[in-house]
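Asks: Read top to bottom, the protein sequences are chains S and E. Under my numbering, the first residue of the first sequence is numbered 671, with each subsequent residue one higher. Under my numbering, the first residue of the second sequence is numbered 175, with each subsequent residue one higher.
Just so you know, these hints were derived from the structure itself, not from any lab. For every residue, glycine included, the Cβ atom is placed at its ideal position computed from N, Cα and C. There could be a bad hint or two in this list.
To be verified - Only pairs whose alpha carbons sit at most 30 Å apart, straight line, appear in this in silico BS3-like list of lysine-lysine:
hint, chain 1, residue 1, chain 2, residue 2
1, E, K273, S, K724
2, E, K273, E, K298
3, E, K427, E, K489
4, S, K724, E, K298
5, E, K495, E, K273
6, E, K495, E, K427
What the hints assert, rightly or not - Covered stretches of chain S (in silico footprint by chain E; criterion: 3 or more residues with CB under 8 Å from a CB of chain E, positions within the stretch not fixed):
hint, region
7, 696-706
8, 722-731
Listed below are the residues making up each chain.
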Amino acid sequence: MTTSDAGHPAHPAAPGAWCDRCGEPAGTGDHPACRASRELEPPRYCAHCRRRMKVQVLPVGWSAVCVAHGEIRG
Amino acid sequence: MPEILDQARTQVLGDGVGLDEAGVLAVLNLPDEHLPAALQLAHEVRMRWCGPEVEVEGIVSLKTGGCPEDCHFCSQSGLFASPVRSVWLDIPSLVEAAKQTAATGATEFCIVAAVRGPDARLMKQMREGVAAIRAEVDIQVAASLGMLSQEQVDELVDMGVHRYNHNLETCRSYFPNVVTTHSWEERWETLRMVRESGMEVCCGGILGLGETVEQRAEFAAQLAELDPHEVPLNFLNPRPGTPLGDRPVVEGKDALRAIAAFRLAMPRTILRYAGGREITLGDLGTRDGLLGGINAVIVGNYLTTLGRPATDDLKLLDDLKMPVKALSATL
Ligand code: SF4
Ligand SMILES: [Zn+2]
Ligand SMILES: [Zn+2]
Chain S
671 MTTSDAGHPA HPAAPGAWCD RCGEPAGTGD HPACRASREL EPPRYCAHCR
721 RRMKVQVLPV GWSAVCVAHG EIRG
Chain E
175 MPEILDQART QVLGDGVGLD EAGVLAVLNL PDEHLPAALQ LAHEVRMRWC
225 GPEVEVEGIV SLKTGGCPED CHFCSQSGLF ASPVRSVWLD IPSLVEAAKQ
275 TAATGATEFC IVAAVRGPDA RLMKQMREGV AAIRAEVDIQ VAASLGMLSQ
325 EQVDELVDMG VHRYNHNLET CRSYFPNVVT THSWEERWET LRMVRESGME
375 VCCGGILGLG ETVEQRAEFA AQLAELDPHE VPLNFLNPRP GTPLGDRPVV
425 EGKDALRAIA AFRLAMPRTI LRYAGGREIT LGDLGTRDGL LGGINAVIVG
475 NYLTTLGRPA TDDLKLLDDL KMPVKALSAT L
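Modelling step: build the complete structure from the supplied sequences, incorporating the hints.
Replies: Here you go:
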């Protein structure tokens with residue numbers, strides 16, 4: 671058995687460990703373009719675990735669900 | 175004044191006859207210094223043949239992602255490594271979205287699904303959803319569910335869907351470069367059935383897919399031949415993971431030239447700002463387009479991306495002294 675798949679860390683990571691737009695590690699690399707894009711996009715990856723979230727965009731706001739970390743709204 | 179604008183003043187503004195493909199191409203090729211005159215003329219055409227009202231619409235995705243088709247611009251195709259996951263909206267949330275849209279003063283609410291065409295589950299969801307909206311919300315319901323059978327067209331009419339969106343996306347000659355899982359002609363066939371059913375036809379596309387200027391003119395001419403009630407004009411917002419994810423965005427002036435040219439090709443259509451205007455045109459360009467032939471907007475968020483707050487657009491319309499079309503005027 672493996673403890674991680676698709677890059678998920680074996681232990682829950684701190685919030686913000688992953689970029690919620692591109693799904694790459696938030697601490698390394700450069701994400702200013704991601705931050706700029708996020709002004710007109712909902713998040714796609716869970717910032718805790720990097721899983722792709724189920725995202726519903728609504729006329730006003732959005733919701734994003736990570737199977738492990740629950741729902742966030744914006 | 176370039177000859178094409180003189181010709182358009184007589185033909186389009188005066189007689190209400192749209193420019194043909196060669197005329198549209200001439201407008202698309204106008205040098206920057208003549209762009210203000212083209213926009214001004216397109217605005218006059220819109221005011222004369224459509225009036226000052228702006229039609230406001232909200233859209234919502236009923237079924238997001240996981241589409242079997244391969245439209246190369248689309249983050250909802252299940253064939254690309256896009257981060258968009260499949261998700262369904264429940265009926266109470268759909269009705270809530272319609273309420274939020276109506277609260278902006280919008281008269282149109284378009285329900286969209288990322289599918290090749292509807293299956294029985296989607297049609298059932300539509301039947302329940304449209305009935306619930308009609309019972310609770312004062313707004314006209316439109317739909318965009320991909321390619322339809324005649325039976326499905328009839329069912330949508332029966333539900334009370336008054337307008338159907340099905341974009342040709344790009345001109346016929348470029349379409350195979352953008353989509354390989356179905357043909358332009360299949361899309362045209364759905365549009366033909368929708369037209370014959372009495373539903374209003376909404377058909378537009380996306381600029382910036384890599385088409386040439388000539389192909390943009392071809393597209394405008396093909397739309398004019400279809401003569402849709404509404405033409406939504408999108409500008410490519412390159413989506414991560416899609417085959418067109420690295421394409422540059424359309425240059426603002428080219429977008430404005432296209433707005434003027436499409437208006438001069440179709441003097442009476444509802445020409446709507448759809449996706450991508452925020453990144454292509456920004457606030458200033460958005461204003462220029464509304465003074466250059468556009469007479470409808472999508473307010474609020476899109477299907478997988480976000481728009482400006484509806485209040486910003488409504489304030490702009492107020493500044494421009496363009497009244498929002500009322501529901502009574504559309505019935
Ligand atoms: S049919 Fe619609 S949802 Fe499906 S890939 Fe094409 S544009 Fe996207
Ligand atoms: Zn990033
Ligand atoms: Zn998570």
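Asks: What are the numbers of the hints the structure violates, in ascending order?
Replies: 7
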